[in-house]
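Undergrad: According to the working numbering, the sequence shown holds residues 532 to 841 in order.
Worth flagging that the hints you see were computed from the coordinates, not collected in a lab. Ideal placement from N, C-alpha and C gives every residue a C-beta, glycine not left out. Among these hints, one or two may not hold up.
Beta-carbon label-pair distances, calculated as ranges [unchecked claim]:
id, residue 1, residue 2, range
1, 765, 719, 29 to 35 Å
2, 764, 595, 21 to 27 Å
3, 700, 596, 38 to 44 Å
4, 657, 610, 24 to 30 Å
5, 626, 683, 26 to 32 Å
6, 571, 620, 46 to 52 Å
7, 738, 555, 26 to 32 Å
8, 629, 583, 18 to 24 Å
9, 558, 595, 26 to 32 Å
10, 657, 571, 48 to 54 Å
11, 584, 836, 26 to 32 Å
12, 683, 629, 21 to 27 Å
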Amino acid sequence: MMDQLEKTASIGIVLPKLFPFPQSRPEQMISSLLTILEDPFFTAVEVSYIADEEARTLARKYMQYSGVEILFNGGDAFRELQINLSSLDPAIRNESIQKCYMLIDHCYEMGAKIMHIVTGKFEGEESKQQSIQAFIDSTMELCKYARERAESYELCISLEIGDRHLDRKYLLGPTHEAVNVARMIRSEYSHFGLLLDQSHLPLMGEDPRKSLWLAKDYLTHIHIGNSYRKDRQVSYFGDKHIPFGVKDSEVGVVELTQFITTLREIDFFKSPKPTRKPVITFEVGCLEDESPKLVLANIKRHFFEAWANA
């Protein structure tokens with residue numbers, strides 16, 4: 532079964548979720564990165580904004596030496612750099628685009644094949660269509676820049692969608708609306724697509740199976756994780772990237788098995804991707820003060836069982 536996995540997909544981790552680090556301590560990021568790169572189970576890694584040029588150079592060296600697929604996690608970078616591509620304020624939107632140009636340069640510098648992005652906040656129905664159009668315009672600028680900067684490969688720009696009303700409160704949003712946006716952008720730029728995160732779909736009130744079928748023609752890669760929506764008073768309510776097995780949480784072995792089964796049904800593992808093989812990355816962090824290595828064991832045990840059952 533594991534031989535089949537190695538032929539089928541690259542499994543990765545979203546590094547800053549499990550190993551958050553301050554920009555003032557890039558050595559922490561390098562140490563955490565090595566923890567993942569030294570584990571042959573992980574054949575992909577998602578890094579995010581690394582301000583220190585020397586640290587980026589070292590990260591690239593280690594990632595390329597280890598042979599992993601490299602992706603760029605824009606969600607964390609967008610929050611840190613206060614990027615809002617759907618802003619209706621031209622100054623904010625232009626500044627956001629300029630910051631994204633820098634991140635695209637970083638992606639090429641490190642050898643990342645995919646850079647995922649997110650929208651700004653949902654500000655209400657009155658401005659929704661204007662904000663979506665602003666996001667489309669901004670994203671086309673990013674796709675154009677990525678194409679102009681391309682040498683040996685073209686960086687894929689991928690929109691990660693999330694909940695509109697519960698926690699993150701992103702503009703996009705429902706999967707069917709994101710698919711419409713993807714269709715428009717891809718009509719001009721083939722290197723654009725969508726990232727679906729399993730843990731977001733319960734918070735969006737969506738059936739994961741239906742969402743995957745809706746987005747199947749635009750999927751660049753997949754995030755797997757867990758979320759919680761039962762009690763707003765708990766500290767891990769919403770999109771907090773909790774480990775699997777937390778009481779009353781949304782994703783366990785059963786849900787993960789069903790998700791992988793649907794990925795097979797929509798031919799996710801057979802359709803062309805920006806990466807060498809289709810990539811599934813786990814976006815999971817610590818719940819309290821447990822060690823990241825314990826969380827890694829949690830991830831693997833749940834995934835092994837689900838993959839075997841799917």
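Undergrad: Between residue 765 and residue 719, does the beta-carbon spacing fit 29 to 35 Å?
TA: Once the Cβ atoms are compared, 44 Å apart, the range 29 to 35 Å for residue 719 and residue 765 is violated.
Undergrad: Between residue 571 and residue 620, is the Cβ distance one that fits in 46 to 52 Å?
TA: Between residue 571 and residue 620, where Cβ atoms are some 47 Å apart, the hint holds.
Undergrad: Taking the beta carbons of residue 738 and residue 555, is their distance inside 26 to 32 Å?
TA: violated, 43 Å
Undergrad: Holds or violated: 26 to 32 Å for the Cβ distance of residue 584 and residue 836?
TA: violated, 42 Å
Undergrad: In this structure, is the beta-carbon distance linking residue 700 and residue 596 contained in 38 to 44 Å?
TA: holds, 40 Å
Undergrad: How does the Cβ-Cβ distance of residue 626 and residue 683 compare with 26 to 32 Å: does it lie in that range?
TA: holds, 30 Å
Undergrad: Given the hint of 48 to 54 Å, check if residue 657 and residue 571 actually sit that far apart at their C-beta atoms.
TA: holds, 52 Å
Undergrad: Starting from the hint 26 to 32 Å, judge whether the C-beta atoms of residue 558 and residue 595 obey it.
TA: Given about 19 Å between the Cβ atoms, the range is violated.
Undergrad: Verify the CB-CB distance for residue 629 and residue 583 against the hinted window 18 to 24 Å.
TA: holds, 20 Å
Undergrad: Regarding residue 764 and residue 595, is the given constraint of 21 to 27 Å on their beta-carbon distance met?
TA: Between residue 764 and residue 595, where Cβ atoms are some 45 Å apart, the hint is violated.
Undergrad: Go ahead and decide if the range 24 to 30 Å is satisfied by the Cβ distance of residue 657 to residue 610.
TA: holds, 25 Å
Undergrad: Between the beta carbons of residue 683 and residue 629, is the distance compatible with 21 to 27 Å?
TA: Holds, at about 25 Å.
Checked against the numbered hints listed earlier, the structure breaks hints 1, 2, 7, 9 and 11; every other hint is satisfied.
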